[in-house]
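**Q** Chain residues, written in single-letter form:
Protein chains: 2
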Amino acid sequence: MTADAADARDPIAGQPAEDLEDIALRDDYALSPKFVAMVVDAADAGDGLRLRELLDALHPSDIADLMGFLSPDYREEVIPWIPPDQLADVLTELDEGVREDVLEEVEPQALAEALQELDSDDQTDIIEDLDDEQRREVLAAMPETDRAAIETSLAYEEESAGRLMQREVVAAPLFWTVGHAIDHMRKPDEDLPELFFDIYVVDEAFKPVGAVAVSALLRSKRDTKLADIMEPVTEIEVDLDQEDAARIFEKYNLISAPVVDAHGRLVGQITVDDIVSIIQEESQEDILALAGVSDVGRDAGILGVMRSRFPWLVVNLGTALFASTVISAFQGEIEKLVALAVLMPVVASIGGNAGTQALAVAVRSLATREVSRANVLRIVWREIRVGLLNGVAIALLLGGVTWLWQRNWELSLVIGLAVLINLCAAALAGTLMPMMLERFGRDPAVASPVLVTWTTDTVGFLSFLGLAAVILM
Amino acid sequence: MTADAADARDPIAGQPAEDLEDIALRDDYALSPKFVAMVVDAADAGDGLRLRELLDALHPSDIADLMGFLSPDYREEVIPWIPPDQLADVLTELDEGVREDVLEEVEPQALAEALQELDSDDQTDIIEDLDDEQRREVLAAMPETDRAAIETSLAYEEESAGRLMQREVVAAPLFWTVGHAIDHMRKPDEDLPELFFDIYVVDEAFKPVGAVAVSALLRSKRDTKLADIMEPVTEIEVDLDQEDAARIFEKYNLISAPVVDAHGRLVGQITVDDIVSIIQEESQEDILALAGVSDVGRDAGILGVMRSRFPWLVVNLGTALFASTVISAFQGEIEKLVALAVLMPVVASIGGNAGTQALAVAVRSLATREVSRANVLRIVWREIRVGLLNGVAIALLLGGVTWLWQRNWELSLVIGLAVLINLCAAALAGTLMPMMLERFGRDPAVASPVLVTWTTDTVGFLSFLGLAAVILM
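Going line by line, the protein sequences match chains E and D. For the first sequence, position 241 (counting from the first letter as 1) is numbered 241 according to our numbering, and the numbering increases by one without interruption. For the second sequence, position 226 (counting from the first letter as 1) is numbered 226 according to our numbering, and the numbering increases by one without interruption.
Simulated from the structure, these hints should not be mistaken for laboratory data. Among the clues, some could well be false.
It does not matter which identical chain is meant; a pair holds if it fits inside one copy or across any two.
Said to hold, decoys possible - The calculated DMTMM-like cross-link candidates involving lysine to aspartate or glutamate, where the alpha carbons are at most 25 angstroms apart (straight line), are: (1) K225 x E281; (2) K221 x D183; (3) K251 x E96; (4) K225 x E77; (5) K336 x D239; (6) K336 x D44; (7) K251 x E21; (8) K221 x E285; (9) K187 x E335; (10) K336 x E204; (11) K207 x D95; (12) K34 x D95; (13) K251 x E77; (14) K207 x D132; (15) K251 x E53; (16) K225 x E168; (17) K251 x D241; (18) K207 x E410; (19) K187 x D223; (20) K221 x D241.
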């Protein structure tokens, strides 16, 4: 069952596309390359009927995947053949970059109609992506109530619980029985969510005081009081960051949660299907940030990709050149003993590696709230000890290899000490940088990698060449 | 509402701990450092009653978090005071390393009793973590039916849908009406899940043919046929990898899905709360793997941490020493022009950086199935162009800086060309390595970083020093 009932294909109509459905998906429900090739062939042939037939065989989520696989030219060819009744669901499933492309091709009137099939959170999500003029046209073509709801929603900050929530909830007063609640839900004209998992019990001020799972409701007698079967609710404040909201869902295994305003009044709900996307997005952001790729969002073209990476390459160029100035201070030593030049990148490289390890662990611990002020010292102390232990082990190994290679035990001593110093620096920098950034309210994954590399490069070259100057010269 | 009704605190009993509950959690539902300090104080004072009072104020998920924050000594102090009726839920929420510690402290009999409150997926999850002897004792203390269920579950492969699923489902034959289904669920002696979101409609062979959301059931008239309101189901095969199952949930926004055996018969269900943990785990694994941290799982001590990092440091030492042998082939050139030693790390460093960027993007695209055979060539071609563009831009920048610094235009040419070559190598290696690993059924995030760094170090030093030997000497 989908979280969004509107997602579903018609289960009854025995479509002629039955065979196509088998071809379309692999066992793991990924689109088959064969099917994508069939779409490309149909588009090449300009065969609209065939395209419609192929798209009819797909779930809206699969059509969204297909759009991602196609190049922009083919995408444009295919868009007009998306079944109108699936357009809304396809749009909610599209990646942002692709969605912008698709939205440009759709008429405001058709879009306004499609949007009315969606819950308010999905409506807002799509409206956000329109440019100003398109947004005005689409909103004008929507009914007054929907328009007002979307405008309220857009007034909440981006990435807040308010933006994420849907306004449709099932609320029941404290004095109701199970029977009351069921009769209320059966009224056909109520503006209820498409699908829901909990009903919220509210007091006279519309503040949530408890929740009843729909399955618990189903299993209770009609004359049971809601107050007797409700369970405590975990409220989410409307201003809360979506990442914090996701963490609360994870922690308490929530399926849905009520969203309340500053006065504690129920204003909407967040359901777990939206949270799944947030969790996915946030950890992807961490992976990319740690690799020095900025989120440029909207633009998926070559220039967009370049723009997401070039700035961090330039910053890295700066830190690398800084390391070069450190090296250049020791040109005299290198001229005397060229083995220093041969070996120095090893010290910097291992340091960078160890720093990246500590950094990834720290960022991960911060993200899952495994680190807090309650245990930060214990974590840092653990990292220092790990840095020392690994440092000693690697120092012995590298010193040994160096002796075998260069037969110079002083050089072995120098490189061993340097790598030990650098691994401790790596442990400290990798652990403290993200914690400091978090403390100052910044994203711990962004900028940390550069700062850590800068530290390990500098300490690496400085300790190795500096010790060499003192001990060997 | 929690996905696991047994999680809930008693909403009625007005506990004296009311104030403690306010102190315990911050606004974002994280444990407050103040509260953790209160627990530590009580443990220091050996004040068992106070510990019990403090723990009573917490949700099982918060007790689990608390365990993570405490050092092993304090943990041991606190464990006996966990309320027995919450023990089962605390255990399901604990991180694996901590859970092992806690399980060692609990009597088999108490554990067997606690386990009986849980659905079969959570039971299996905990039983897995016991050592052989403990497992035998606990299983012996459990009722025959539970034992058989757990043993069946353990027979499925680790990280498969079969391990993840719970055997408790609500199934209804095709000819039933809504009224039949509701009456069935109200029978008090049925072994139904604690909480459920969909009921599965099955044919005579117990194969799922459709699903009805509980909220849809509630909103339909009693004489409606299930066949008329059911929607298509997305089945999950019992052998499917849990990561693939998670991807299916995400793609189709599922809340729950039926699990079927090789004959297509319904054997259990997976619910989204389990999927949320999987998604979190899998992306954490990617972050750590990309940083060269192995998953050593169980052991959270210093040696465990060291063991998760040391092997990759040694591998990195190997690749760094390989790069040194490349450099050592050019010792003559470096002696003649020591500026080569000063600048060569820059070429390797920028290459490594660009390779990491391409790698993270590729791993992310593979994880979210944005890349498939249908579009792999388009993705690789995009990366090559991005590598070329960034390469030209960085080459001009670095060539310019080199000229300003060294006033040697031939050296500028050499470093510019070398960095251009290395950025193209980085784009290719960063994109192709993970794709090749995936093609051969390996985890694309593991080992890729080392291979990419090895490539960019080697190509960086070789192209810079090699071009220098040809052009400058």
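**Q** What are the numbers of the hints that this structure violates, sorted from low to high?
**A** 1, 4, 5, 6, 8, 9, 10, 11, 14, 18 and 20
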